[in-house]
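*Asks:* For reference, the chains in residue letters:
Number of protein chains: 4
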Amino acid sequence: MITTQEITTRRYLSVRQQSEKLCAPLEIEDFVAQPLVDVSPPRWHLAHTTWFFENFLLTPYGKNYKPFHPEYHFLFNSYYVQAGERWQRAERGYLTRPTVKEIFAYRKYVDEHMVEFLEHSNKKYELANVLELGLQHEQQHQELLLYDIKYILGHNPLFPIYVPRKESENSAPPRNWYHVTSGNYSIGHSGEGFHFDNEEGDHTVFLHDFEIADSVVTKGEYLEFIEAGGYEDAVLWLDEGAKWVAENEIKSPMYWMRDDQGWMEYTLNGLQPINFNDPITHVSFYEADAFARWKGLRLPTEQEWEVASKQICPTQPYNCNFVESEYHRPVQTGGNDFWGNVWEWTSSPYRPYPFYKAAPGAIGEYNGKFMVNQMVLRGGSFGTSKDHIRLTYRNFFHPHLRWMFSGIRLARHI
Amino acid sequence: MITTQEITTRRYLSVRQQSEKLCAPLEIEDFVAQPLVDVSPPRWHLAHTTWFFENFLLTPYGKNYKPFHPEYHFLFNSYYVQAGERWQRAERGYLTRPTVKEIFAYRKYVDEHMVEFLEHSNKKYELANVLELGLQHEQQHQELLLYDIKYILGHNPLFPIYVPRKESENSAPPRNWYHVTSGNYSIGHSGEGFHFDNEEGDHTVFLHDFEIADSVVTKGEYLEFIEAGGYEDAVLWLDEGAKWVAENEIKSPMYWMRDDQGWMEYTLNGLQPINFNDPITHVSFYEADAFARWKGLRLPTEQEWEVASKQICPTQPYNCNFVESEYHRPVQTGGNDFWGNVWEWTSSPYRPYPFYKAAPGAIGEYNGKFMVNQMVLRGGSFGTSKDHIRLTYRNFFHPHLRWMFSGIRLARHI
Amino acid sequence: MITTQEITTRRYLSVRQQSEKLCAPLEIEDFVAQPLVDVSPPRWHLAHTTWFFENFLLTPYGKNYKPFHPEYHFLFNSYYVQAGERWQRAERGYLTRPTVKEIFAYRKYVDEHMVEFLEHSNKKYELANVLELGLQHEQQHQELLLYDIKYILGHNPLFPIYVPRKESENSAPPRNWYHVTSGNYSIGHSGEGFHFDNEEGDHTVFLHDFEIADSVVTKGEYLEFIEAGGYEDAVLWLDEGAKWVAENEIKSPMYWMRDDQGWMEYTLNGLQPINFNDPITHVSFYEADAFARWKGLRLPTEQEWEVASKQICPTQPYNCNFVESEYHRPVQTGGNDFWGNVWEWTSSPYRPYPFYKAAPGAIGEYNGKFMVNQMVLRGGSFGTSKDHIRLTYRNFFHPHLRWMFSGIRLARHI
Amino acid sequence: MITTQEITTRRYLSVRQQSEKLCAPLEIEDFVAQPLVDVSPPRWHLAHTTWFFENFLLTPYGKNYKPFHPEYHFLFNSYYVQAGERWQRAERGYLTRPTVKEIFAYRKYVDEHMVEFLEHSNKKYELANVLELGLQHEQQHQELLLYDIKYILGHNPLFPIYVPRKESENSAPPRNWYHVTSGNYSIGHSGEGFHFDNEEGDHTVFLHDFEIADSVVTKGEYLEFIEAGGYEDAVLWLDEGAKWVAENEIKSPMYWMRDDQGWMEYTLNGLQPINFNDPITHVSFYEADAFARWKGLRLPTEQEWEVASKQICPTQPYNCNFVESEYHRPVQTGGNDFWGNVWEWTSSPYRPYPFYKAAPGAIGEYNGKFMVNQMVLRGGSFGTSKDHIRLTYRNFFHPHLRWMFSGIRLARHI
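As you go down the protein sequences, you meet chains A, B, C and D in turn. Its first residue numbered 1, the first sequence is counted upward by one per residue in our numbering. Its first residue numbered 1, the second sequence is counted upward by one per residue in our numbering. Its first residue numbered 1, the third sequence is counted upward by one per residue in our numbering. Its first residue numbered 1, the fourth sequence is counted upward by one per residue in our numbering.
Derived by calculation from the structure, the hints in this document are not laboratory data. Do not take every clue at face value.
Identical copies look the same in the list; a pair holds intra-copy or inter-copy alike.
To be verified - Only pairs whose alpha carbons sit at most 25 Å apart, straight line, appear in this in silico DSS-like list of lysine-lysine: (1) Lys295 <-> Lys21; (2) Lys357 <-> Lys243; (3) Lys295 <-> Lys357; (4) Lys124 <-> Lys63; (5) Lys386 <-> Lys66; (6) Lys357 <-> Lys66; (7) Lys63 <-> Lys123; (8) Lys101 <-> Lys21; (9) Lys63 <-> Lys251; (10) Lys386 <-> Lys251; (11) Lys21 <-> Lys357; (12) Lys295 <-> Lys166.
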């Protein structure tokens, strides 16, 4: 018989191993670079997720726990003001020490103490939520790791291959529109399971009638927008979007390039001809919004998205394209794809729910302090772990960003 | 008997004259400077508002109308992409010609043609809405004029007086909390009168129970926040707010300074000792948000604000402190002050209402393209014309801005 | 009989009046703008030159002198660290007060006290050098005034005329090469007359044989460089020059533009077709240097320039094109033009002469602290006063600047 | 008997091995980072120096030579416009591939072909100068490697040790002043041996009498400047130097820091207490110039330096502190130290000698295009190879830089 404690330990080790598995194809050099301020070097992700367990569990609650190294607290705290001073984010790529080997040793040390802690600490039940937060936190960083690895390799003129290509279905299903009737709906997380504080607070919203597409926009549909001069027509764009396009000379999604043989795209499988039936990804909110306007449609609000996805697929379908499927790109899966594949931009700014309350202490900085100037994305991506995502999960990014696995679902009023 | 046409002409001339009246205390030099990218030189406001009538009425619809000057279209278009190329906003202060005198001649020329147009054009009825938009547009610029004049004079070490001080009531009323019961409410403009497209689309929202303060925060209350170290405590701030404070070394509202005699403040009446019973103004959203958090409270959403103000003062009280009262600063008016005094930051990002549709053509750029990364403010200020404001009026600014007459009203869940 | 004192007073008043004369064609608005960090608003020049007399003569030595206004010291000090705090240079265009009228009153007040001082002070002889420095300083600012007025008017799409055009000779003389024999030469100012500290210290240099052109490069010669693709050929440029060209998209001298009728140029006489026989002006050191390289030639060193000009025109020829000729542009004058017309870039960085010693106190900051990263120009321009220039005069600007009246003379080794 | 060809091959291999020897103490991660735009990642140095031989010898002249990889030409060209497009310098730290292992394979491949070439090519004699340029170029990069390794390790809060400390003499000799008599002197390189084009052109200069110190400034002398408030006294600084100090909050040489135990310094031997008898290093020209002014002295010109050093030590003394001594820091060597230890800032801007002519083709870009806005340094440092330096060697850096091994020698007129 497996005990709860054994299950917990297994889950802990399994999540931790996944981070290392994702890094297995990398060369040592790949762990160091930070070619964009939003990218963190892989070595930093591996150390920071480890620091999270050390800082929020072992150091305060571990019996006689001695931190692995006195400077790691300074080096690997990300943004927790209440946890103390930290190395500047923009300068993570300037550091070459501790080495990757030392960071793996750090992980091993913390893992051994964590296993010990999970077996013997009399605090383990009251701290279960912090433990789970640490694991969910590491799963978030696993997805960031994939964004960052793709950015590091995909901005190198040698276009290195991260993993070989695994073939997928190559046709796009017809688009259907799903109708949601006006009325009061319940939004947000209720009940027992783990969730972030930003989802909390079951509350009511009124929605007017709307329709939502049952599939996401494909690369082919997006190409039509490009070919119709979408990037050059300022009228389609939010004012700040038009400025972003002009200043950065944006002409296509990130990683697209055109050579003699036509449109190519850097993927985690190396440089590839674009498959236009696959879902579009690596678009900013500005691009998603302009595309929708060009179609005479709009993006859904996050409430519309949540209500519709709950009606269409009330339980999470496990055949979705999450990180476990190891496609490492968006693919056609044959069915509806509210889940997995690409994070879908909504038209909703990221703001607190009505009854939002940040947790006390440094953990309260996890979500709340970012609730301005960002937009909500929903549904998870091919980089998300399937036991990490939830129906009420709120992801968020600044509207100009697109190094993450973002995509577009359309909606309309009727 | 006064005809409708006479009323229209009178209103046209009256609005136009108000712009010139606001500039009367200025020296010629004051019309030229642009000490902040968000500030426009007063000469530009006077010309741009005139261009609006020329470009959207006289040029397309005026009989044989000849534009005053061929280059003014380029010089005085603000941001209307569909109206053609324009001079860069950040470089408005680099221009010294046309002179103020020439701009007044431009105004006179356009006014004469507009009066003629209003009397004789057979288009005057179908264009009534564009005319009214032009007048409302000019009233918006009149308020911007006051922000910009204050910024220009208030950042000059000589601290020139714009107008002499007019005395006001000097005590703050006790704060009461007004309760709104949960339920579905109607939001947005319905019915006939003029309104901007961003208010349009009467729609339903569900609100949970909440309470809202019947008076705005005073300078004295805000001083307590300063003295309690509010600016130094990063935990009170949104992450981007904390960065804004640090980078700009913000330690108090704009225009506050401390000398040997204590706290002083630049006002349109020159440098003055601060009256701590008056409403706080010149705070950014970041400051309003941090102040509310420090109080254990929050800002209202724009929907909460609209519902509460509709219940508390269903008709606009004309004793409010609008620009016509000529205080040119926030004062205590003895009653509730949902209207006038200071624009009140809400916790709502500026986004389209459910049924929002931009008008066709350049006029459609008026509001819609700014619906990202800004926050809604409600209620008008001491710089607003009383026939310009409405219950459903949505003003909007970026969260870091504070050269406008912004202030704070608090709310709470119960 | 005119006394020395009368001569001094006359000269003082004459220099002071010249500043006001140069400003006579301006509108009030033109006195305010600062469209480039290197440009100062004309109102600032008028006040700063006045402050110089107030600060270095009247305040320390005037009998019971009371400064005109307590804040002007802060507002109108330029860069004299030892004279105290000052308003930021980059923000001079943000100020609209004191008004132009008030600044003229300030000038009048200081002039009256200066005349009194020149008549009655018993210090007038020992301070003669400071007085003369103040006058030379004002003459330098008169030239800067012309640069800045041209920049302000010439970057306005209305291209206002400063003064009407005065016709000039329209053919370029043939180019002759003047030979200087190798040997030791004396450089720098010796003897009695006024000179800046940076010219001081008669010293010896050895020069190898060289030849120098007896006329400056014309616009026509420079056009050949443009048409030969000079701006696109990185090989012709210093590395920092090539970057400057690329970043600023430089394709021609400042103020040149091409329309349907061919090459046009903004001049102080308004927009004009380019006269290709006139000397080239408004080129940076990078452009002068690349042009010379393209010709297979080089710029002279400042020592070569000084020795050659001393041999060719040992006394200053008074028919040169200085500000008094009122062409307000470079013209062909028929003879050699070492003097006037355009400041000629030399290949010499601006560094101290062997025996250089800065004067004690704030006046010592006049020249010495700028002796890095700038290049020497020689000879004066059409904006220079003829009694301001000297054979040993060293002007200096950063190599990327070209809003001043700069030009090119070529040299070669033999 | 050893043939000339064997000597050449030995020298080639010896220089090449030195680069790899300098990198031996590094971890793979250290090869990747670029924490300052002036720093290049060590992996880049190793590849770029290899590309130099490939691009300028093997590709054009090697028999059937096939470049190692088609993209390396783009990746590892530094600034040779005439050699084609190249990866942006500021983004060298963004690249993680080719890996260090692949770069070592690249080196091996090129070395094998070079040895073959040196043995068999019938071009080897006529290309001897390009070969030597490639070796001297690699030696320059070896020194840069040390600057960059120190910067990468020294800006890491773990302060890793590059090599263990080797003890040295710990007392400073008394300072003597050496007199040089006025007269004409010959400057620049003449005769056979290898030299850069910027040294070429034996020419005459006249020098006035001067005295020059026979030892460089020590850390102790520099500390007095700090303690006397040198950094805070703007009067001591060039204007651009004072701005550099203010903007960068400079308070001491690079790598100095103060903790509870007093002044510490990062060295290539790790964090160490400062030995105040050792020569000062890591100062900018601005600091060297301000220090000299504070002492009432000045820096020598590069001509003074060359003449004096030729008189004092006409042949290069081999007991100097060059890279072969493996101190990896400046030390006291007991004798005069014109050579080695620290590069000595001169007061001379880096400009062409009178008869300077760039070589044709891309190699002509080696020196000439950098001759603006930089200052000359003389004498070599503890990071220089002893067979790389020459009496006439002109090094150059921008005046604000100080990550290189720069120092101060004083001079004075008499």
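*Asks:* Confirm or reject each hint.
*Replies:* A quick look at each hint next to the structure:
Taking the shortest Cα distances, Lys295 and Lys21 never come within 25 Å of each other, neither inside one copy (41 Å) nor across copies (47 Å). When the C-alpha separation of Lys357 and Lys243 is checked against a cutoff of 25 Å, the pair qualifies only between copies, where the shortest distance is 22 Å, while the shortest distance within a copy is 36 Å. Taking the shortest alpha-carbon separations for Lys295 and Lys357, only the inter-copy value of 14 Å comes in at or below 25 Å, while the best intra-copy value is 39 Å. In the homo-oligomer, the alpha carbons of Lys124 and Lys63 lie at most 25 Å apart inside one protomer (12 Å), although the nearest pairing across protomers, at 72 Å, exceeds that limit.
For a Cα distance limit of 25 Å, the shortest separation of Lys386 from Lys66 qualifies neither inside one copy, at 34 Å, nor across copies, at 49 Å. For the identical chains of this complex, Lys357 and Lys66 are neighbours neither inside a copy (33 Å) nor across copies (61 Å), given an alpha-carbon limit of 25 Å. For the identical chains of this complex, Lys63 and Lys123 are intra-copy neighbours only, at 11 Å inside a copy versus 74 Å across copies, given an alpha-carbon limit of 25 Å. Taking the shortest alpha-carbon separations for Lys101 and Lys21, both the intra-copy value of 15 Å and the inter-copy value of 23 Å come in at or below 25 Å.
Proximity of Lys63 and Lys251 under a CA criterion of 25 Å is satisfied in neither setting, with 56 Å inside one chain copy and 43 Å between copies. For the identical chains of this complex, Lys386 and Lys251 are neighbours neither inside a copy (33 Å) nor across copies (46 Å), given an alpha-carbon limit of 25 Å. Proximity of Lys21 to Lys357 under the C-alpha cut-off of 25 Å is found in neither arrangement, the shortest distances being 36 Å within a copy and 49 Å between copies. Within a single copy, Lys295 and Lys166 get their C-alpha atoms no closer than 32 Å, and across copies no closer than 55 Å, so neither meets the 25 Å cut-off.
The structure does not agree with the numbered hints 1, 5, 6, 9, 10, 11, 12 stated previously, though it agrees with the rest.
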